[in-house]
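Read in order, the letters of the sequence shown correspond to residues 1 to 70 in UniProt numbering.
What the hints contain is simulated information worked out from the structure, not anything from laboratory work. Treat the hints with care, as some may be off.
Claimed, not checked - Between beta-carbon pairs, the in silico distance windows are:
hint : residue 1 : residue 2 : range
1    : G27       : N65       : 30 to 38 Å
2    : A26       : K68       : 25 to 33 Å
3    : K68       : R28       : 24 to 32 Å
4    : I30       : T59       : 15 to 23 Å
As the list claims (entries may be wrong) - Subject to a maximum C-alpha distance of 27 Å in a straight line, what follows is the list of computed DSSO-like cross-link-like pairs (lysine-lysine):
hint : residue 1 : residue 2
5    : K29       : K62
6    : K64       : K48
7    : K48       : K29
8    : K64       : K17
9    : K62       : K48
10   : K68       : K17
11   : K68       : K48
The structure displayed is predicted, hence computed values, not measured ones. Each residue gets a CB set at the ideal place from its N, CA and C atoms; glycine is no exception.
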Amino acid sequence: MGTFPRLTCANCNNISKGAYFTHPHAGRKININTFYTYDSTYVIYLIKCPCGLAYVGETTQKVKNRIKQH
Numbered sequence: 001m002g003t004f005p006r007l008t009c010a011n012c013n014n015i016s017k018g019a020y021f022t023h024p025h026a027g028r029k030i031n032i033n034t035f036y037t038y039d040s041t042y043v044i045y046l047i048k049c050p051c052g053l054a055y056v057g058e059t060t061q062k063v064k065n066r067i068k069q070h
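Just need the whole structure built from these sequences, with the hints factored in.
See the structure below:
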């Protein structure tokens, strides 16, 4: 379980890979309980900015389509 990139995806450098991520402010480990890819729908996602800020969003669209809108 977790998030996994496609080898042909230009945006996959922006996705955390693996079965968990660390909460950017609380420092807690958050487990990902389902298998997700950029083709997944109905997800809550976290985008980490190089400046240190984070954005949490949700979408019913494919993740790859929603990320293109940011």
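Do the hints match the structure? See the list:
1. G27 <-> N65: 30 to 38 Å: 31 Å, holds
2. A26 <-> K68: 25 to 33 Å: 29 Å, holds
3. K68 <-> R28: 24 to 32 Å: Check passed, 30 Å falls within 24 to 32 Å.
4. I30 <-> T59: 15 to 23 Å: 18 Å, holds
5. K29 <-> K62: OK: K29 and K62 at ~25 Å, within 27 Å.
6. K64 <-> K48: Holds, at roughly 16 Å.
7. K48 <-> K29: Measuring from Cα to Cα gives roughly 15 Å; hence the hint holds.
8. K64 <-> K17: 15 Å, holds
9. K62 <-> K48: Status holds; Cα separation ~19 Å.
10. K68 <-> K17: Distance ~19 Å between K68 and K17 Cα, so the pair holds.
11. K68 <-> K48: Holds, at about 15 Å.
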